[in-house]
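Colleague: What follows is the residue order along each chain.
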Amino acid sequence: MATLLEMRGISKSFPGVRALADVSITLQRGEVLGIVGENGAGKSTLMKVLAGAYRADEGRVLLDGADFAPRGPRDALDAGIVVIHQELSLVPDQTVAENIYLGNLPRNALGMVRRALLHRNSRALLARVGLDIAPTMPVRRLGIAQQQLVEIARALSREARVIVMDEPTATLTIAEQRILFATVADLRRAGIGIVFISHHLEEIFEICDRVTVMRDGATVATREVADWDEAGLIQAMVNRPISALFPARTASIGAPMLEVENLSSTGRFSGVSLAVRAGEVVGLGGLMGAGRTEVLKAIYGAMPDTTGSLRIGGEAVRVRSPREAIAAGIAFVPEDRKGEGLVLPFAVRSNVALSTLDKLAWLRVFSADGRTDRLAANAVDELRIRTPGIGTTVGSLSGGNQQKVVLARALTTHPRVFLLDEPTRGIDVGAKVEVYRLIGDLAAQGGAVLVVSSDMLELLGLCDRILVMRSGRLAGGIEREAFCQERIMALAALG
Amino acid sequence: MMAAVSETKEPSKAARLGFGGVGRALNELTIVVGFVAISLYLAVTTPAFLSTANILSILLASSLIGIVAVGETFVIVTSGIDLSVGSVVAFTGVMTGLAIHAHFPVPLAVLTGIGIGAFCGAFIAFAITVLNMSPFIVTLAVLAMARGLAFIVTSGNTIFDFPDSFDNIGGGNLGPFPIAALIAAAVFLVAWVVLSRTVLGAEIYAVGGNREAARLAGIPVNRTLAIVYIISGALAGLGGVVLAGRLDSAQPIAAVGLELNAIAAVVIGGASLFGGKGSMLGTLLGVLIIGLINNGLTLKNVQPFWVQFIQGAVIFGAVLIDSLNQKRRGRV
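Residue numbers (the numbering used here), protein chains in the order written: chain L, 1 to 495; chain W, 1 to 332.
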């Protein structure tokens with residue numbers, strides 16, 4: 001393999017911040033280089049330097065051994081460097097072919113678009129990315145993954161030599177992710193160099209040849225993927241040992257706190273019976289679509305057409321709505337933070353107070369600003385929510401801090417049972433650690449925690465016991481002493 | 001940590017902005033500026049504008065729209081809409097008139113009108129919360145149904161000849177002030193307290209801001225929605241009483257298109273049709289701005305055909321501003 005791209009000693013400062021300090025990476029022809037790091041580690045800044053959006057203060061970029069100093073995004077595109085962002089840049093109302101050749105349509109001598117050639121070339125490119133659609137279809141009608149593949153086809157039309165994918169799988173389903181990965185493998189065979197940025201370490205291990213870890217604007221280490229393991233990678237990202245990420249499991253486990261008997265919901269899941277004891281953290285694993293979220297929502301009274309019985313602290317309760325669930329001592333943190341967890345345009349204080357509006361009020365009718373402010377200020381303090389103030393719009397906070405606001409709101413009702421759905425999805429490693437610590441504290445104080453997660457390491461590190469779901473049923477459970485990734489995967493996929 | 005999130009500590013001096021979104025204060029300032037600008041223009045160009053009689057007539061003319069717009073504000077903040085209010089004003093007006101002719105004492109007749117309005121609201125609420133129908137379609141249907149009922153119960157005739165004690169509600173004065181305007185002012189005051197100072201108000205904002213998040217946070221979403229539509233219906237009923245009193249008659253064709261004026265007032269007042277945003281103070285200013293525009297058009301002898309067009313253009317402008325604001329916040 002020959003060196004395709006080399007970034008050597010790149011430094012970049014913004015007023016008051018050193019974003020990149022002496023960063024070096026290399027990319028071979030036909031190689032997939034993974035770049036991982038916490039939010040703010042400098043990944044995006046580095047890629048913006050490469051794409052010509054920022055100019056480096058120091059350092060050199062060599063493309064095929066020649067100096068390359070883009071003066072703008074156009075230069076980078078012309079040199080065959082294409083960045084595919086999380087937010088796609090397609091024009092929804094134009095056809096697939098027009099999008100592939102956007103700004104680059106084939107014309108004849110009179111300046112008219114050569115439709116036949118356009119469609120023939122587009123068909124060839126679509127075939128290369130494994131997309132079986134007509135070039136005349138409007139982009140609006142495609143799914144996210146298909147749109148991503150159209151972007152890749154566009155990159156190929158420009159004879160891309162380097163393709164940068166920034167969190168490409170963040171919004172994809174598993175099936176779509178498979179299609180994307182197959183296409184990446186094809187590109188690699190064609191000798192294109194690919195930079196792959198992701199928070200999902202499983203993907204890094206699956207698809208990358210080498211991995212560079214960035215931290216605080218510097219490269220920490222670069223190794224062949226075979227020389228990394230997941231724990232080592234995280235350790236390099238956060239600069240502490242992996243065991244330190246998770247709270248020690250010291251809680252004394254008591255009597256059953258949450259008991260679910262034969263819970264079923266037509267077409268979603270059936271016959272789910274489980275118990276979580278006081279002080280216990282139980283994980284609910286399984287593949288996406290196995291019914292894990294639905295089980296949590298059903299326990300919380302937020303899923304229609306549910307049958308089954310529920311006991312909290314040994315007492316039978318009927319929960320027909322989230323309101324009744326809260327009254328019974330159950331808290332729920334939804335997976336979809338922005339859609340279901342928060343009222344984004346509202347202030348932090350209003351979001352924290354959302355579940356206790358009547359309890360905070362005078363005579364249960366009139367709003368009590370002082371009490372609400374104290375509650376919110378306390379939450380910000382205790383959960384270390386980084387926000388300019390309790391009056392700040394919650395939508396302007398980072399993902400991790402938004403998640404802490406949802407958790408804080410859930411805690412205001414003094415629950416004993418915690419249902420947490422993907423509590424650390426899409427937040428950076430630092431915030432994850434704080435959420436883990438909080439979960440440990442909840443258990444230590446006698447709470448019963450049932451946590452759904454697709455992050456295997458998280459389940460293994462956090463839980464006393466892991467239950468695995470497969471196509472709407474509980475496939476089995478594993479105690480902490482017997483934890484083993486392979487067994488969990490086997491239960492989730494095969495049984 | 002479980003008990004950690006409870007109130008024990010003094011807060012930092014934080015902004016009082018919360019429900020309804022940050023930036024509301026700025027919004028209201030813009031409306032005040034618009035209000036003052038229109039007033040100044042009219043005061044300078046038309047001498048009759050500043051006379052006491054004219055100002056009181058603006059207040060009287062604005063009171064019906066104001067009462068109805070209060071209910072509409074509650075509804076719109078939940079991201080709903082109530083198109084039925086104009087027809088409900090007519091229907092409750094004629095029902096009140098029929099009650100008086102049936103020798104109901106005036107207070108009981110008034111309560112009948114308000115009660116029938118509340119019942120219309122309850123019907124709408126049932127369709128929205130239990131039958132899962134969309135507010136737009138339901139209230140459009142009720143717009144036609146209530147108007148139809150108003151014609152059915154009167155056989156299309158106007159009902160008139162009411163006792164003075166009834167007519168005074170809509171047309172009388174207390175000191176220099178029109179009683180209808182005082183009623184509207186009281187309605188605004190109570191509504192302002194409810195929306196900005198009570199749990200119900202906070203719940204209304206939350207339901208409009210993100211219904212699913214509100215439901216999962218334990219807010220009784222359906223109850224909240226039911227309350228706002230019942231309030232809107234009851235206030236339309238009160239509007240029907242006031243209008244019948246002012247005209248000393250109840251007509252099945254009364255208040256056609258009133259819903260558009262009310263919605264315009266709410267939107268001019270800074271509420272968003274996307275929900276979660278709006279205030280009673282804004283709506284009050286919106287009502288007064290519409291009153292000023294109508295009054296100005298009359299004083300300046302603008303052809304009546306133009307009046308409707310200009311009102312429509314004002315609504316268009318207000319909704320356009322709302323839509324542009326949404327886009328800027330990236331929520332479309």
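Calculated from the structure, these hints are not laboratory results.
Idealized CB from N, CA, C, for every residue including glycine.
Hints are not guaranteed to be accurate.
Partial selection, computed: residues in chain W whose CB lies under 10 Å from chain L [stated by the list, open to error]:
(1) Pro107
(2) Ala213
(3) Ala226
(4) Leu281
(5) Lys300
Far from chain L by the CB rule (all over 10 Å, computed), these chain W residues [claimed, not checked]:
(6) Asp167
(7) Val199
(8) Gly276
Colleague: Using the nearest Cβ pair, does Leu281(W) come within less than 10 Å of chain L?
Modeller: violated, 16 Å
Colleague: Does the no-contact call for Asp167(W) survive, Cβ to all of chain L over 10 Å?
Modeller: holds, 36 Å
Colleague: May I ask you to test the interface hint for Lys300(W) with respect to chain L, counting a Cβ-Cβ separation under 10 Å as satisfied?
Modeller: Check failed: Cβ of Lys300(W) comes no nearer than 40 Å to chain L, outside 10 Å.
Colleague: For the hint on Ala213(W), does the least C-beta distance to chain L fall short of 10 Å?
Modeller: holds, 5 Å
Colleague: So is Gly276(W) really clear of chain L, every C-beta pair being over 10 Å apart?
Modeller: violated, 6 Å
Colleague: Hint Ala226(W) vs chain L: min CB-CB distance below 10 Å?
Modeller: violated, 15 Å
Colleague: Taking the closest pair, is the beta carbon of Val199(W) still more than 10 Å from chain L?
Modeller: violated, 5 Å
Colleague: Minimum Cβ distance from Pro107(W) to chain L below 10 Å?
Modeller: violated, 27 Å
In summary, the structure is inconsistent with hints 1, 3, 4, 5, 7, 8 from the numbered list given earlier, while agreeing with the others.
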